[in-house]
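So the sequences go chain by chain: A and B. Okay, so the first sequence: first residue is 1 according to the working numbering, each after it adds one. Okay, so the second sequence: first residue is 1001 according to the working numbering, each after it adds one.
Just so you know, these hints were derived from the structure itself, not from any lab. A portion of the hints provided could be inaccurate.
[Stated by the list, open to error] Here are the simulated DSS-like cross-link-like pairs (lysine-lysine), alpha carbons at most 25 Å apart as the crow flies:
(1) Lys18/A to Lys53/A
(2) Lys3/A to Lys1037/B
(3) Lys1071/B to Lys1056/B
(4) Lys1054/B to Lys1109/B
(5) Lys57/A to Lys71/A
(6) Lys57/A to Lys1005/B
[As the list claims (entries may be wrong)] Sample of chain B residues at the chain A side, in silico, Cβ under 10 Å:
(7) Gln1002
(8) Met1029
(9) Lys1038
(10) His1076
(11) Val1078
(12) Ala1091
Backbone N, C-alpha and C define an ideal beta-carbon position, used for all residues, glycine too.
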Amino acid sequence: DVKVTQSSRYLVKRTGEKVFLECVQDMDHENMFWYRQDPGLGLRLIYFSYDVKMKEKGDIPEGYSVSREKKERFSLILESASTNQTSMYLCASSFFSGMRDTQYFGPGTRLTVL
Amino acid sequence: DQQVKQNSPSLSVQEGRISILNCDYTNSMFDYFLWYKKYPAEGPTFLISISSIKDKNEDGRFTVFLNKSAKHLSLHIVPSQPGDSAVYFCAASEGNKLVFGAGTILRVKS
């Protein structure tokens, strides 16, 4: 079974703090994705990566950056957290290039920024 | 402006009956569509998909219908079971991007 794990299930941070969200997959997938899920808006793509050290902006990259130093690990960074970044963050991975292939999601991190 | 819309925030169905979840899209370039299911405190899991060259795809109790002229797809669950209670997300693919709808909460009553 594919397993995607995220470093924290719940996180509380203060405005202005730097926040790291970690995601690890164990299936040697090339592709990894970061989404945020908000009520009434569904899942929105923040950043994705097709290879190590490679990243592409999604639909809402502002205020975020990512890092992929190893194939199995994809980190989402909030350089200076703001209250409007309070959300559920979901990481996903998939095997083939392109978005047609099934994405496997982690359990999510509920981030609250005070 | 949302390109993928799930206009029903919630749906309640009796066990054994059919559940129909709807999804509309606006971008005619979308060529592949997926449904994901999400339980509380878990990530979404892939349920079923359909290519734009088809109008129907079936997998056990789950069937997805695509009406390209109406830019509409639907997920049918027959028969519905209490374990189907979850949030269902419709998603559409255009090249290398997936666009998700807002989700529909399905409650199956026993």
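Going through the hints against the structure:
1. Lys18/A to Lys53/A: holds, 21 Å
2. Lys3/A to Lys1037/B: Roughly 17 Å between the alpha carbons, so the hint for Lys3/A and Lys1037/B holds.
3. Lys1071/B to Lys1056/B: Holds: Lys1071/B and Lys1056/B sit about 14 Å apart, inside 25 Å.
4. Lys1054/B to Lys1109/B: violated, 32 Å
5. Lys57/A to Lys71/A: holds, 18 Å
6. Lys57/A to Lys1005/B: holds, 23 Å
7. Gln1002: Check passed: Cβ of Gln1002/B comes within 8 Å of chain A, closer than 10 Å.
8. Met1029: Nearest chain A Cβ about 13 Å off; hint violated.
9. Lys1038: holds, 8 Å
10. His1076: Result: violated, 21 Å to nearest chain A Cβ.
11. Val1078: This interface hint is violated because 23 Å lies over the 10 Å limit.
12. Ala1091: holds, 8 Å
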